[in-house]
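Novice: So the chains spell out like this:
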Amino acid sequence: MLLREVEYARPATVEEAIALLSEHEGARALAGGQTLVNVMKARAASPDVLVDLADLDELRQISFSADQSVLEIGAMVTSTELAASSEVEVARPILAEVVSTIADLQVRNRGTVGGNLCVNDPTNHLPPLFVALGATMTIRSTAGERTVAAEDFLLGVYTTAVEEGELLTKVSVPTRKPGTGDAMEGITLGAHGTYVVNAAATVGPDGVRVAIGCVAATPVRATAMEQALAGGDVSEQAVRTAAAGLGASLEPPSDVHASADYRRHLAEVSAVRAVLKAAERAKG
Amino acid sequence: MTAVETEAGTLQKGAAMGQSVPRKEDNRLVQGQGVFVDDVKRHGMGYLHFVRSPYAHAKIGSIDVSSALELPGVYGTLTGDEVAILTDPFFQIAAPPGGHVKDYALAVGKVRYLGEPVVAVVAETRELARDAAELVWVDYEPLAVVVDARRAGDDDAPVLHEEAGGNMSYTGVWEWGDVDAAFAEADHVVTIKELHFDRFNSTPLETDGALVEYNRGTGQWTITTNNQFPGFAAIMMGPAMRVGLDKLRIVTQDIGGGFGNKITSHPQLVTCCLLARKLNRPIQWTEWRTEFHQSMSHGNERWFHDTEVAVKADGTLLGFRSKAIDDAGAYLRYEPLGGVIWAQVAPGMYGWRNLRLEFTQMMTNKAPVSPNRGYSRMQHLWFTERIIDIVAQELGFDPVEIRKKNYVQPEQMPYETPNGCVYDSGDYPRSLDLVLELIGYDRIEERRHDAAARGKLLGFGIGSTLDSGTNNFGQSQLLNPELQFSGNNEVATVKLDIFGEVVVTLGTTPQGQGHETTASQVVADILGCSVDQVHVRAGHDSYWNSNAGFSGTYASQFAVTGLGAAKGAADLLAAEMKLLASMVFQCSPDDIELAEGFARIKGNPEAALPFMALGAIVNANNAGFPVDPPTLNCRYVYRPPFDVPDKERKFGKLTLTYAMQIHGCVLEIDPETGVYEIVDYAAVDDCGVRINPQIVEGQVMGATAHAIGAAIWETFSYDEEGNLLTPNFYDYHVPHALDMPPLKTAAIESPSPFTPLGTKGMGEGGGGGIHCICAAIQDALRAAGKPIVSDSHNPYHRVWELLQHPERSRENVEVRST
Amino acid sequence: MSTTPTTSRTVSIDVNGTTYERDLPASRLLVHFLRDDLDLTGTHVGCDTGSCGACTVHLDGLAVKSCSVLAVQADGASVRTVEGLAGDSGELTALQQSFKDHHGLQCGYCTPGMLMSATALLERNPHPTEHEVKVALQGNLCRCTGYWNIVEAVVAAGKGGGS
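Chains as they are written, first to last, in my numbering: chain S, 1 to 284; chain C, 1001 to 1818; chain L, 2001 to 2163.
Extracted from the complex, chain S is given alone in its bound form (with noise of 0.2 Å):
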């Protein structure tokens, strides 16, 4: 419950704080701290430096690419913000549904999308959604920039591709096109609590999504379902017909909460909820 002794250093710019990440070995990025406080006082990590990265503003935007076919999300932008921004609801309000099912108000008052993100605990509530909706990750270093898909950015658990000296900058989301539908269905220990396995999934004129969490360390995309679905037919007896085996084909872990064959079952009535509300919301 105490933290060890720890250097603490708060820069004015992205370019200082990944300087500042750079040059100190051990160093970590401290968003919101709800993950990484409370991970330093249980000791189960304890970096030598911590960069405050609350004085980024350039990090707490949230504003449409120039086309507008991109929501661009800071990676300081917090829960609430993001459940409260006028841009999200217009653009990928799927984004504001899920982050306000996150823990409790205070922990959404404080962690940020980034934070979410980068922690990639296999019971994470973005990690999924980010895949299924198709996002990308910019992470800038001393080297410049580069953007990295989801899929390609979620690494392993409690690992993405940030590598040491790097900032993850913003996530990038496509706008909803007409004809689309969001939707993350799944098990939880208790209301909005930590997540026993998830599904996210968007139906849209480009096809069927589906990724599935805390069923491995990253999330899995559903793909046999999602060509399955390809042709377009998205009634209750395809997407059921199409999720057949979607669980023999995981290998999650056994826990407290749950048995490896109680979460493939819930990983399949997850994907079929998901797509299921996903079509539903696509018609609307």
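Honestly, the hints are just simulated from the structure, not real lab data.
A few chain S residues facing chain L, derived, Cβ under 10 Å:
{"id": "1", "residue": "Leu3"}
{"id": "2", "residue": "Leu20"}
{"id": "3", "residue": "Leu30"}
{"id": "4", "residue": "Ala54"}
Using N, Cα and C, we set each Cβ at its ideal position, and we do this for glycine too.
Go by the hints and put chains C and L onto chain S.
Specialist: Positioned in the frame of chain S, the structure of chains C and L alone reads:
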């Protein structure tokens, strides 16, 4: 005003008693001005952090504290070796061989559960103590682990305490009536192979803690703590520390929840005392949440094996026999009392007369068990409710009708159970009817159809439970005839101060039950003044001379023992005030009444002395009286009327009162996932006369929330190596605001004929929630293969398994009919 | 310099209207700064995983768990604790009074956190529904009351016109 008949006479519920008077405690608590133990500071205090065992079972080799001591700001350490020299092992309640267990404040030679304190480190700041703890090196030699109490008696099971010869702490056969005859007479015998009550506790939001100061000159410790049973703590600590109990001053003020889980912190308190003396500075200790989960007060986990129930064709239950295995964890602190406490409610709420329970308690490499809200009665009442529902389902009886038929009936009250306990009063059938009315029972089938149309399985369940209160500690002799404990007591003082203020002290240690408020209500009505004129000191202080051996707040007894003591002291004071007034007015004390804050002559209200006048006379103006005036400072010890139970027959009054709760719930199961939601909930309670109805209702609500948590989410689950898989609030999910169902409550009052105020202790009736949720799940799944619910804890994955393989659960049950 | 990492930092934090300048280790949690450095013990610690909300305070007007914020992160910010709710002469807010009226507390340990979360809610939503109250209190655990009376107290305070 209403009159209540009790054995003590007719009590008038007065201007304050019976009203939901606003709580005196609230003003300071809503402003954050409560004083909880971690709020207390002393100059120069050292912060204590425990080095705890990472193994569930291991020998301790060497311990090296030198690196820790070298860190600047570290004040000192304490190890088990020192403890073994400075103290004697804690007194054991168990008879041999269990009684040979050696339990010290720190691990000596061995660790027996993960999280057991091994070394204590004290430093200038919390952070330093934490850092220094990481520099303590302990050599462990891991040993084989036993985590299943059913295996702890096997020949090859690892033995935790060699001195005890094996892992058994207690075993005994409890039998009354003629069980064989009952089974011979039965038309049906229902057999249930295994029932399991899971391990969890109430996780009070504030963890254990203490601030201990040592006075070198007098050899006296002041222990500011949140232990909720100071009487027990002192009795355990004094002999171990080889000091008289007057050297241990225990002080509490505000306590952030107890629920029984703050009874067995005495080992840690001893560690703090030894360090306060060794280091000559105050010692501050606050338990971390993870430490609490790993090491403190898990509730008794209990299996019931080979249960048989004898039933007549008309649904009359004749009796049961079963074998209970109880898991005590690694040390016996309050155990094996759990082995007798259940007998307070041996037949549950039912009239069967032929009962047999073989009770065996085993030790395992898990956190030590100690009382948890509903302590040991909850496990047994769950057992009786489960078997009623299983019998009803298997034999085709209606769960409501079979209960009403077999409940102890109101006209039988007071009712002597087969083992000599006396249920004082109550109307169980009427209470059940109230639950059914609140929940809309007549519409259940309609709701079931409606739910089915939405693809959900709806179930309704009843959970009836007794909240036995005011222990007769003589029941401990049924476990160990050598013990010298019996009866019970609580103390209160009431005095009139020089300026007319009424000052009350209690021996209790409230953790949210509103003792300052309810005690002031009782005292105000007796003295004829307002509750605002009565000042009840917050908390407990053993130097107030207001406590005795059993003082504390536990086991549903305050409304009887604490308020009985307050009433006794107030009655004494009232008599003295009348006597003093009569001396002043030169009349008979019978001519004096106490009303509206005055002592006045009846029929002549002008001749009145305000309380201030009486207080001033006694304290500062007492010349001129031909005889000594009364002191207006009264102390009363309430002693409930008990005998020592019959040890041969295991027979006698084990508790004084029996409050009752009946819970009903409606839930809907999603058959595709096993996820379920409680959609309606009702709880009816009867705790006799309610001094403050709002406080009583608050207790019912809180207990309900605990039950819902235990039924759906809360479990202390261990892996094979003895690692606790739910060591904090992240994995051990407790209910949050959005998790609560709609709740309807109602109350009836069946006064107890045995208590001074007609009250019954209450607060632990929440087991009713666990019972009714189990019943509702089983009811819902009748449409899906009729599985048997045999576990108290039913998270979604367990419900899903019942849906997938109902036949597996049905292998647990067998019906033989003649 | 903000670009040189240091193990401690001089910070300026406004707490309940008073500005405190202190040199603090970066490792110090905001809750311990409030409780141990400023003796504001109304804010409580109930867990070690940021789960229980007993430590809830306002940070620049938003409800946050002070156990999951470093004190140095509050540099230049304003913090409000339960001690900052009642008036200077001890006049309780309508919300505090409502908690008393509706038996919305028993042991009182979760109460400061509950009050801070509920106060933040009422400041932005003066007349919340029962569901909105539950959402606002979802991060505050209580083991005594079962939440029913707490929710009722907040809804009633809303109907009564807020704080």
